[in-house]
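Visitor: This is what each chain is made of:
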Amino acid sequence: MSLQMDLKAVETDEELAFRAGQGSQSHFSALVDRHTGLVYRVAFRITGSHMEAEDVVQETFLRAFKAVDRFDPAKGGFRTWLLAIARNQSINTFNTLKRKALRFFGDRAGDRNDSSSEEVLISTQQGVEDQLAAKQELLAVQTALMDLPERQRTALMLKVDEDMSYSEIARIMKTSTSSVESLIFRARQQLLKRMQGRR
Amino acid sequence: MECRKYQLEISLLIDGELNESSAANLNEHVRTCPECRAAYEETEALNGRLKNAGLPLPPPALARKVKERLAGETSVADERALFPQWVRVPLIAVIVLLAIGIGNLAGRQMTEIIYVAQTDEQLEQLLPEGGPVLAGLLTEMTYEEDTQ
Chain A
1 MSLQMDLKAV ETDEELAFRA GQGSQSHFSA LVDRHTGLVY RVAFRITGSH
51 MEAEDVVQET FLRAFKAVDR FDPAKGGFRT WLLAIARNQS INTFNTLKRK
101 ALRFFGDRAG DRNDSSSEEV LISTQQGVED QLAAKQELLA VQTALMDLPE
151 RQRTALMLKV DEDMSYSEIA RIMKTSTSSV ESLIFRARQQ LLKRMQGRR
Chain B
1 MECRKYQLEI SLLIDGELNE SSAANLNEHV RTCPECRAAY EETEALNGRL
51 KNAGLPLPPP ALARKVKERL AGETSVADER ALFPQWVRVP LIAVIVLLAI
101 GIGNLAGRQM TEIIYVAQTD EQLEQLLPEG GPVLAGLLTE MTYEEDTQ
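Residue numbers (this note's numbering), protein chains in the order written: chain A, 1 to 199; chain B, 1 to 148.
Hints should not be assumed to be uniformly reliable.
[Unchecked claim] Covered stretches of chain A (in silico footprint by chain B; criterion: 3 or more residues with CB under 8 Å from a CB of chain B, positions within the stretch not fixed): (1) 26-34; (2) 84-97.
[To be verified] Pair ranges (Cβ atoms, derived): (3) L8(B) - M51(A): 34 to 42 Å; (4) L192(A) - C33(B): 16 to 24 Å; (5) C33(B) - R70(A): 46 to 54 Å; (6) K193(A) - R31(B): 24 to 32 Å; (7) K174(A) - I102(B): 51 to 59 Å; (8) R4(B) - D33(A): 26 to 34 Å; (9) S26(A) - L8(B): 34 to 42 Å; (10) A93(B) - N92(A): 32 to 40 Å; (11) A71(B) - E14(A): 21 to 29 Å; (12) E41(B) - K75(A): 36 to 44 Å.
Note that these hints are calculated values from the structure, not bench results. Glycine residues also receive a C-beta, built at the ideal position from the N, C-alpha and C atoms.
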């Protein structure tokens with residue numbers, strides 16, 4: 001058993017996906033362990049909600065599990081394929097949230113901070129006061145990001161959070177590289193306007 | 001203004017998306033142009049602020065929850081594999097027909113069920129007064145088992 005676990009640790013995503021497509025649930029579980037954090041971050045950036053991001057993670061892996069036998073590495077890496085699913089799920093969830101928020105909050109829906117952002121864990125290791133400042137900064141950043149159109153926000157944060165190439169981002173978003181260039185540029189321009197003076 | 005055309009390229013430069021030659025040219029321009037240098041520093045600072053704000057982390061048990069849910073889905077899928085759609089539909093149809101048939105026969109006398117080709121005189125000899133009904137026979141059989 002220990003040797004099997006070690007082998008899974010060195011196999012590539014595509015190798016794991018191939019074995020999962022042949023019916024190996026343990027190989028798919030290894031993919032879950034590897035990519036839960038990634039899918040969660042993308043889902044959170046798009047939906048802005050801790051709870052919804054968890055649901056998106058579950059739905060994403062469920063759909064991926066059912067479709068993994070059809071994954072074709074010739075069309076792109078597993079991570080790209082998985083994040084395309086995650087993005088679709090996140091957009092559906094985000095649009096549902098927006099509709100609900102509009103019904104209850106009207107035009108001020110965009111200003112409504114998701115209180116669950118208070119529950120978001122942050123990766124910095126600091127003292128209590130620093131932790132509070134870090135949380136406030138995260139909230140300021142996330143609020144500004146949520147004011148961006150989803151496509152700009154997704155493109156920018158796939159670059160900033162995950163350091164993906166523009167071509168990989170283009171595959172995930174099913175668009176062109178030049179479109180990604182423009183999305184990221186415009187996102188930065190918008191954020192500079194909003195975030196200057198918010199420190 | 002000339003520098004406007006560099007604004008997008010500055011974004012590409014910071015993201016490492018320019019080729020070596022273009023990056024070198026732009027770096028030289030940024031070094032000598034105050035406006036572009038300010039734009040470069042502003043964009044880099046924004047990038048740093050976005051990165052340093054911290055990554056949202058999933059709850060520690062999330063991966064386990066996902067795997068548990070997948071295990072549940074696999075059980076359902078196994079059951080469906082035993083009875084695929086092309087078996088389930090006709091199987092259900094046969095069960096329904098049997099139920100209707102048995103229900104239809106339950107109230108009939110045995111003479112009607114078994115001896116349909118016999119004449120009335122022959123039936124009267126075999127089973128006087130038509131014999132018991134099928135439902136009654138089944139009930140008696142069950143009662144006998146319970147009392148043993």
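Visitor: Each of the hints needs a verdict: does it hold here or not?
Guide: So, going through the hints one by one against the coordinates:
| no. | hint | result |
| --- | --- | --- |
| 1 | 26-34 | holds (count 4) |
| 2 | 84-97 | violated (count 0) |
| 3 | L8(B) - M51(A): 34 to 42 Å | 37 Å, holds |
| 4 | L192(A) - C33(B): 16 to 24 Å | 18 Å, holds |
| 5 | C33(B) - R70(A): 46 to 54 Å | 51 Å, holds |
| 6 | K193(A) - R31(B): 24 to 32 Å | 26 Å, holds |
| 7 | K174(A) - I102(B): 51 to 59 Å | 57 Å, holds |
| 8 | R4(B) - D33(A): 26 to 34 Å | 47 Å, violated |
| 9 | S26(A) - L8(B): 34 to 42 Å | 46 Å, violated |
| 10 | A93(B) - N92(A): 32 to 40 Å | 37 Å, holds |
| 11 | A71(B) - E14(A): 21 to 29 Å | 24 Å, holds |
| 12 | E41(B) - K75(A): 36 to 44 Å | 40 Å, holds |
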